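Read off the chains here:
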Amino acid sequence: MRKLSSTNDYNFVVKVQDETKREDVSGLLKAWSRGDQHALQDLTPIVYRELHRLAARYLRRERSGNSLRTTELVNEAYIRLVDYKRMQWQNRAHFFAVSAQLMRRILVEHARRHNLKRGAGMKHVPLDDGSSIGGARDADFVALDDALNALTHLDERKAKVVELRFFGGLSVAETAEVLNVSTVTILRDWSTAKAWLYREINGPAN
Amino acid sequence: MESERFRQIEELLHAALHQSPEKREAFLADSCSGDPELEREVRLLLESHHAAGDFLESPALEVAARVIASQEIGENGESLVGSIVSHYRVISRLGAGGMGVIYKAVDEQLGRTVALKFISEQLVRDIEGVDRFRREARAASSLNHPNICTVYSIEEDGPRPFMVMEYLEGATLGQRIKEEALPTHVLLGFAIEIADALDTAHRAGIVHRDIKPGNIFIVSAGGTGTRAKILDFGLARLGGQEGREGEPLTNSGMTVGTAGYMSPEQALGKPVDHRTDIYSFGLVLKEMTGEHRDARVARIISKCLDHDPERRYQHASNLRADLEKLKSGTRSGTRLAAAGVIVAALAIGSYLYFRPTMKLNAKDTIILADFRNTTGDAVFDETLRQGLAVQLAESPFLSLVSEGRIQKTLTVMGRRADALMSPEVAREVCERTGSAAVVEGSIAPLGNQYVLGLRAIGCQSGSLLDQEQAQVSRKEEVLHSLTQLVTNLRKAMGESSATLEAHSTLLEEATTPSLEAMKAYTAARKTAASGNERAALVFIKRALQIDPGFAMAYALQGRLYGDLGELGLSAESVRKAYEFRDRASTREKFYIAHAYDRQVTGNLERAAQTCELWTSTYPRDAEAHTLYSAFTTKGTGNYLKSIEEAKEAIKVDPDFPPGYWNLAYSDMFVDHLEDAKAVLRAAAQRGIETSDLLIVRYFAAFLSGDRAGMQREVETAKSVPDGEDWISQSEALVRARSGRFQEASTLLQHAVDLAQRAGQQERAALYQASEAMWQAYAGNAQAAKQIGLAALDRSRGRDVEYVVGVALGLAGDWKRAQALADDLEKRLNEDTQVQVIYVPAIRALVELDRGEPAHSIEILKASKPYELAITFTQFRASYGGFVPTYVRGEAYRRMGKGSEAAKEFKTILDHPGLIWADPQGAVARLQLARTLVQAKDMKKAKSAYDDFLTLWQGADADIPILRQAKAEYEELTSRL
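Respectively, the protein sequence lines represent chains X and U. According to this note's numbering, the first sequence holds residues -19 to 186 in order. According to this note's numbering, the second sequence holds residues 4 to 979 in order.
Hint data in this document are derived by calculation from the structure and do not stem from the laboratory. Just so we're clear, the structure is a prediction, and the values are computed from it rather than from any experiment. Built from N, CA and C at the ideal position, the CB exists for glycine as well. Do not rely on the hints blindly, as some may be mistaken.
Claimed, not checked - Listed next, the stretches of chain X that the computed footprint assigns to chain U, with coverage defined by at least 3 CB atoms under 8 Å from CB atoms of chain U:
(1) 20 to 26
(2) 83 to 90
(3) 152 to 159
(4) 169 to 177
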């Protein structure tokens, strides 16, 4: 007699579990850079998963009072997402650029959808009147995205530098490689862009 | 700004940065001479450069993850709330800021309410940061002023120090001036208080360094009116801003202060003294008084804002004196305009310090009012309310009062059950149902655009809990914007970001992107609610024509067909819903998954898993608990779980009928007849009446031997929808059980006719098949075959095939029986009951017919785990259970194993709550008697025969087993 049905095909209400399938991030990125919008849909949950995994690890550390540096956790996450070292890209720089752009798209969209900020057609709701938060202010991805778009008009390379370093998690040297300029130029671009974006997002007082 | 200009500014910025701080001023003045605008731009950028700190220095992924983590900690309230820290009992979380999290707590020793401020993990990581936190906080705690938030003490809890502070209620100045324009004299009153507080602090040598509207709190003090209090004295330097020491606190230091409120010297990284606070305060004053300030105020402000500290007010006391002079000359009642929209949209994790919002708790329910549509476009009518309902039902936190309960309340209020839910009516329903809030929606035209609005109003207080608004440029974006508004509303009402994140499917993804399809769907729901399923189906078909991938519409279609007894069509709809299940809300996905396993695959284990997940995700979803308690658990004999879930369903929604009958059924199944009756009474008290309840009442009376009660239900049945055919079939079973086959046949024919007339072929067939079965048990093989095949002609439904298969097997037609078993096994290879009960039962009968009783026993081992589970035939037509047990008993009997056989038949007779009036129960008595003879227990055998013959006293004379029984009885008594 047939055994009672197994239950392993029941997964559509549960989020697809971590290692159930090996996603081809590289392939998806290539597809996306060719303009395949479905690839973005497929990449989004992968990034979200990594994001929440990272958040959960921070949380555990926070709760256990573990104050070790957490840089390696982030690096690990970026590598899991976009392990360029294992990927056979003809154009490494192109790959960097595409993955940074992707992170920007996804994280901004995430903020737009979940951070309850300014969405399309929504009223502008400042959640606060200016508090002393460095980290949290950084997280206003939506405002940053707008500001970056504005910066692109003034100085496209500076906007690219920010995209690569902040969203793509690239080092100064890697950024220099992608943009084919010296590291000094990157550092200078970076500090100008930072100051400009900071003011653009937080606004001058008077 | 032109790119060229930008490059010029950049050049100057970097050149200025290469100068030492002392020389920067001169450098800027020199190099920008003749272009004040250029100088201003460079200065602003320079200020931002200093203020930017580690802005953007951590990768985006890290920042985003930290925000999620901090929200987790903050909003789940699972961090410290409820625990005891030192001698403080933590009550609730008040907010979080850059410094860390703030809690409301009670000092158990002193019995007073306090605020506890824990510094953030980021600061704890830095030893020096912790030291300075202690130092600065200690200094601040020395300040004792009515307009400074008092720091009581600094204490340690493990590695983290925390501050114990005065607990304040009210709002920050920033929030206050945003909300309303304050009268001048009130504003000046606050300004004087702040100046006085600053004066006291400055005299003590303490500089605030981060004066801004968000750090000034307006306390709503009882009796004495409002009062301003400065928060966070001495904490600014913690943030790593370059202070007098000129060194940042931490390498990864946070940025402190909004660039906008810093004095020039502070922004330029020069040494600062108390006059930096005066400058910042000038900016606050400017913001407080808005654009239309009068000239005297403007003069005071400009004196605060002089770039040269030497030319500002030198002491806060001078400032206070000027403000006092001004105030005494101001008539109260003059209003200054409120400041405009404040810049700087901050991220989540915002500074919620002491924000006095009323939030809902997880036990509150809410009511939906109708959507107010003033656009004149009928497509929005009711569509948006339905969309809102779908969206709110996504929330495990908020719980909508069910439509049924609302309709009942409306009736009690003397209104029609389908009355419009105007805000006033909704408010009353809200109060009567003990709900917390009414959610109202509106859509209005604005030029070519729309303004979409949502409001939540506390129905006890009438106060506005939350208001959300969006401007939507295109009709197609309305559903999308509605999702966002609902998400905002959910958050504002207190839902945690964790559940928001997990359960907020975009409306157009959860339902349909087409407003027209949504409108048709809404109409279908409404029509169905009024009991007209056939008309509702017309609307559903329209919705599906517009959007053939509309999963929720398929799901509703499945329900409607199911209600109409069209199980095949219902299953087909469910299959479609399942196919498009990605396009459904989280909640609806559960519904679809469950329906798919119940109606299409029959996989009860997986259906139960879905219910488990569903009820744990939406603990207040009455339907989830009800479906869990229904056939999903009953069909595997898990009655205790069924009872538990049914009770939960009733608790969640006492007006949801299925909760009651599911509980009553399961109480009966475990032979708790009195409990079942109590449930039935409770349902009656609520005025709940359905055919299921009727049937349970009828059989409860039957089990109690209450003939009058049974007759009463027969009468009642005429006025209950779907009641008459069902009760008629139940009466037929009761007659057949006593061997009164002719009467039974007549009653059954009536039931079959009624079902057929209602277009319910499968139901008719299932009724008809019951006669095939009892004729087979009674030994009327010919009649059994004939009736069974007739039933099969009506329907090849799964349960019909099963019952006919058993009847044919009992009647010796093993070839046809085997064909039916094959068909079932192949067609429903995942179906729990088919695989474990139906198919083994028929195959075991086939083996009996072929003279292989040992094979039967072997085959029936598969059924053992579900021995006491009711079959779906029992659930729908009150017969057809215990077949494996009966066949096993018969197999043992044929093998000459009397006592084993007796045990099987006794099992059947020991469960009157499961067997009800199934004629099998009567035949089992006779079989027991026969097996006892075989076991040579003549005394018990005689009593079993007596039992059977008494029950069949009024039986028709020509029934084969009755004749056999009488002959066997005579032989037995002659031997005794």
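Checklist entry - With a Cβ-Cβ cutoff of 8 Å, does the segment 152 to 159 of chain X contain at least three residues near chain U? => result violated (count 0)
Checklist entry - Do at least three Cβ atoms from the segment 20 to 26 of chain X come closer than 8 Å to Cβ atoms of chain U? => result Coverage by chain U is violated here, the residue count being 0 at a Cβ distance below 8 Å.
Checklist entry - If you look at each residue in the segment 169 to 177 of chain X, do at least three have a Cβ nearer than 8 Å to any Cβ of chain U? => result holds (count 6)
Checklist entry - Are there three or more residues in the segment 83 to 90 of chain X whose C-beta lies closer than 8 Å to some C-beta of chain U? => result holds (count 4)
Checked against the numbered hints listed earlier, the structure breaks hints 1 and 3; every other hint is satisfied.
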